[in-house]
Structure formats: structure tokens, C-alpha cells
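Chain residues, written in single-letter form:
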Amino acid sequence: QVQLVESGGGLVKPGGSLRLSCAVSGFTLSDFYMNWMRQAPGKGLEWVAKIGSSGTFTKHAESVRGRFTVSRDVAKNLLYLQMDSLRAEDTAVYYCARDADYYYDSFGLLYWGQGALVAVSS
Amino acid sequence: QSALAQPPAASGSPGQSVTISCTGTRNDVGDYNYVSWYQHHPGKAPKLLIYEVKKRPSGVPTRFSGSKSGTTASLTVSGLQAEDEADYYCSSFVGRNNLVVFGGGTKLTVL
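If you read the sequences in order, they're chains A and B. Sequence positions in the first sequence follow the working numbering and run 354 to 475. Sequence positions in the second sequence follow the working numbering and run 56 to 166.
Certain hints may be false.
Stated by the list, open to error - Some residues of chain A that are not near chain B, with every Cβ distance over 10 Å (derived):
hint, residue
1, THR409
2, ARG420
3, PHE460
What the hints assert, rightly or not - Listed next, with one range per pair, are the computed distances between beta-carbon atoms:
hint, chain 1, residue 1, chain 2, residue 2, range
4, A, ALA376, B, ALA64, 34 to 40 Å
5, A, ARG418, B, SER68, 43 to 49 Å
6, B, SER122, A, THR381, 17 to 23 Å
Derived by calculation from the structure, the hints in this document are not laboratory data. Each residue gets a CB set at the ideal place from its N, CA and C atoms; glycine is no exception.
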């Protein structure tokens, strides 16, 4: 069955870097659009980034553009979120999520990981 | 990008129907049929209820339905059950910049 498991979260100082990984099973990354989402404490869901099924298309939210980078390794079944120049407002639970439809972007996220906590504090 | 507008709270008694609105603009909800709805119980992963305005993933009860009129999308929960008490979020594709925007969330209380 489809599974997504995030790792790499933790406590980091402002200005620091962290790389989140999302290990997927039950499907192939080259067949689906993948997304990163986050939820800050007491706040709502926020879309962070996506990578297309081809791997060549990526998009990042304006709040993280230039600081965060989504990528993947199809052979290793891993999705990544490289987070640089971290700020206190990036503190959140980060989720990786898979699109509902095969190969194209339906903008509906059907499968989610359990989340990884990233805390940015001095 | 500006968030979609959702009412912060909604409520209903068991068995009743509740509709949650999600208001955007012509750049997102109005011109594109890429509206999704999620149910989120605190501490758990969000669950996709509706995508592309009215499509329901396999396993989602038929008492959850989606619709759209102009720049406002709606999620209707019929036959409210206690386990429906959760936070509900809408999202939409934003055509102007090919991004995704979410609503602020609606806390549904089953009385």
C-alpha cells in the first residue's frame, strides 16, 4: 500500500539549514506530482512546494522561494525539501503528500505522511 | 498570495447538514475547477475529501459533497456524525502564478 514517511526534522537556529526527506513506497515518484505542506503552531495548512511527475517542473510558495528547494531521487524513492536561511516563522510540522491522480496535477493531495516537526529558535 | 476566505467556525447537530463556504477570486476558484477540501483532526494527517470541485476519492462517504458557484466553493456535510468534528480546509490552484492557496480553515463542531 501507499506509504509516506518524513524524516530529518529537528531544532535549528535562525539562519541555519535542514533537509527533510520523505521515503515513499507503494508507488513510483516519476508517476505522480508530489508536494510539501506545513502547519505552524495554532495556524492553518500552508502549501510549500511541489515537483511534477517528470521531475523537471517545480514550484515554491512565495514565502519560501529562494530559501527552500524541492527535489527527488526516483531510484531511492525519496522526496526532499532543502531548507536554507531558516526563520522563526518556518517553525511548523512539515508534511509530504502525493497527488490523487496518475501523472498529472489534480491539486488534490490524497496520501500524506505523518509529519516532521521543524523548530527554528535560538 | 492571499488566502481563500472560510468562516472560522460552523456547527450542527447529529443528522443535520452543514455547508462550509470558501471564497476566492477569478484568479483561483472562479476560473479553475481545481478546488479541494480536506478534513483535519489535530495530531493526524489531513484527509482529502473532495478534489476538482466535486470528485470524491474512493472511500470518502457520499455525505461529503462539493460544489462551486462563481468565486465561491462549498463543502456540504450531510447526516452529521460526531466523528465529523474537525477542521476543514479548502484549497485552489491560482492561475496567475501557478501556485496553490489554502483557506484559513473552518472548525466544525457537532453539537
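Consistency of the hints with the structure:
1. Listed as a non-interface residue, THR409/A keeps its Cβ farther than 10 Å from every Cβ of chain B; the least gap is roughly 14 Å.
2. With a minimum CB-CB distance of about 16 Å to chain B, ARG420/A clears the 10 Å threshold, and the non-interface call stands.
3. Chain B draws PHE460/A into its interface by the beta-carbon criterion, the shortest separation being 4 Å against a cut-off of 10 Å.
4. Judged by the Cβ atoms, the range 34 to 40 Å given for ALA376/A and ALA64/B holds: they are separated by roughly 37 Å.
5. Taken as a hint, the range 43 to 49 Å holds for the pair ARG418/A and SER68/B, whose Cβ atoms sit roughly 45 Å apart.
6. A C-beta distance of roughly 34 Å is found between SER122/B and THR381/A, which places it outside the suggested range of 17 to 23 Å.
Violated hints for the displayed structure, listed by number in ascending order: 3 and 6.
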